[in-house]
Each structure stands twice: as structure tokens, then as C-alpha cells.
Amino acid sequence: MPRDAPDSTLNPAPRKSRWLDLPDLPPAAPPRRRLIDSGILVLAAFTLVSGSAVLWRDGLGRVLPVFGETAWFLAELAPKVVAGIFIAATLPLVLPKDRVAAWIGHDSGLRGLAIAALAGTLIPGGPMVIFLLGTGFLGAGADLGAVVAFISGWSLLSLNRTLIWEMSFLPLHLVAIRFLVSLPMPLLMGTAVRFLINGRGR
Amino acid sequence: MNILIGTVLIGGMAVWLWRQLPNTAWRQAGLKATGSTLIFTVPRMVLALLGAGFFAALLPADQVRGLLGKDSGLSGIVLATMLGPVTPGGAFVAFAVAAAALKAGASTVAALVYVTSWSLFSLTKILAYEWPIMGRSEVALRVFVSLPAPLAVALFGYFLVA
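Quick mapping for you: the protein sequence lines, in order, are chains D and U.
When you line the first sequence up against the working numbering, it's residues 50 to 251, in that order.
When you line the second sequence up against the working numbering, it's residues -12 to 149, in that order.
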């Protein structure tokens, strides 16, 4: 007999999110992306051409090991990719878009640029998600300086990409140096854009 | 080892986010979005990793060492900067190419510059997404203010690596 079954198992209170204040129902799913687009065709052509070149120059004995290495690498990456894709796919559903826009408007100053850069660093997702969010922010009252800081933060510092991809391929010290040197860049770029647009930085 | 660190961090974040979802409807929406993103991403990943593997097999090691190695100086940095935008595909290709170049004798600074240049100026990203979504003048302005970045990374890279 279980000694101390907690009372709450009999009559559970509805579980409240501690960090995110979410409504009862999730938003509608985003529109489906086309599975075959120009991106995948370019990629397929690149793979086919380089694969054929290896086959033609070195023969099948050099081609097959690449398949083996790729399969092994994919197996190694799989857990991380699935977790990362879950985050990338779910986070846009839970983000408070209206509040985000208020944080990074024209008068948000350096703080707005920092918030935008941090958002770019933390929000996972591919170029489609990021640039759509970027125009979404612009439409909701963010200024171009903040949006450039956001895009640059994503381009240079994206945690998702750094942790999933970059650290899988490149030595740790190289990743660390690149990340540290890039850290101030989104702020500088956002400031430069504000300067060019307004004639003075804010 | 790097893969393990990343897996633990990403896994932890995923578990945290999952626990934030308040009810079954939210969890189903999250899983559905995850499924369609997986279907979109996995074929691209497989193609890109295969392509990067073949590309690495084609890289002539001695030439890479000459063009991008420690003694390649400014011309190596310029070349690494120019290779960034023309790299096809996504992050996996760029990082795999950088890793292959390092293995073939490229310097750390050249790899830093290449990755930075790809991050900011990838033509795939700009032509397929940024230009159509953001607009031409917005892209032009962003690219313009980003131009000094690879050089800055190169300068700091020399100090920090040497």
C-alpha cells in the first residue's frame, strides 16, 4: 500500500504555467510550407553534382563511405534535432507578439536594440520564421534598427544553431571566439541603421 | 563531446517548454507543428549533409592550405569572406564546409571569417527569404552596416588565436 499518496492526485488542480501566461486554446497552426521549393532543389542539385564528381574522379569506393558517415552522423544528431525542432516549432505559438512589439519600438533606445538582439539569439527557427517575425515586428511598430539588431542577433548568435549545428562541426574554442567577438555586433549594426535613418543615433 | 553538451542543453530547454504547455490542446498543437517542421527539415538535412560530405571529399587539401592556411594573410581572409555568401544550403552545409576546410589545413581565422560571412551574407537566405519578405532597401541597409563584421572578426581572431 502506498504510504503517502498526495491528495492532489485524487482531485488535481488545473496546472498553471509558471512562466508563460497562455490562454486555454493554442493559436491556429501556421500555414504549411511547400515541401518542394527552390531551396531543396538547389540543395539536391549541389549534392548530386558533388556526388557525381566524387564518383567520376574517385569511384564508388569513395562515394559509399560518405553515405555511411552521413548516416552515422545523422543518428548521432537525431535526439538534438528532434528537441531543437520541437522548440523551434512551438515557441512561435507561445510568444506574446503584441508585447514584444512594444519593447522594440522607435523610442526603445539601446535597451530596445538589446532586447531585439536577445530575441534573435533566443528564438529558434529558420530564415522563414525569423524574417516573417521581423516584418511582423516592423508592422507592429518596431523600428528598422531594432529589426536589424534582431536579424543580426539571429544570424550571428542564434543559440539553437550554435548549439545544434556549429558545436557539432567546429572546435569549441573557435565557436567561443566567434560568439564572443560577435556579441556586440547586433547592437552596433542596429545603432548604425538608426543613425543612417535618423541622422543621429538614439 | 560537443554534440553531447548541445544535446543536453537543447533537451533541457525542450523539456522546460513542454512543461509550460498548459493542456492537451496546447501539447497537440506543439507536436503537430513539430511534425510538419520535421517533415520539412529532415529531407533538407539529409541532402545537405550528403552534399557537404561529397564537397569535403572534393576539397584539394594542399590548395586549401595554400589559399586559406595560416600564411595566406589578407588574401585568405578576402577569399573566406567571398566564399560565405555563395555557400548553398543551410547551416549544416556552412559548418560542414568550415570543418572540412579546417581539416584540410585552413587557419582558424579563415574559418571564423567564413562562418561570419556566411551568417550575415548567405545568398540563399537573402535571395530566397530576406529580399522577398523584408524588401530590397531593408536588406541593402542591413548588408551595408554588416560589411565590416568579417574584418572585425579576423582582427580579433588573430589576437585571440595567436
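Just so you know, not all the hints are guaranteed correct.
Said to hold, decoys possible - Here are a few chain U residues that sit away from chain D, every Cβ distance over 10 Å (derived from the structure): (1) Arg31; (2) Asp49; (3) Val51; (4) Asp58; (5) Ser62; (6) Val65; (7) Ala85; (8) Arg123.
As the list claims (entries may be wrong) - Pulled a few chain U residues facing chain D out of the computed Cβ check, cut under 8 Å: (9) Ala20; (10) Ile26; (11) Phe42.
Hints were generated in silico from the structure; no laboratory data involved.
Built from N, CA and C at the ideal position, the CB exists for glycine as well.
**Request:** Determine which of the earlier numbered hints do not hold for this structure and return their numbers in increasing order.
**Result:** The structure conflicts with hints 1, 7, although it agrees with all the remaining ones.
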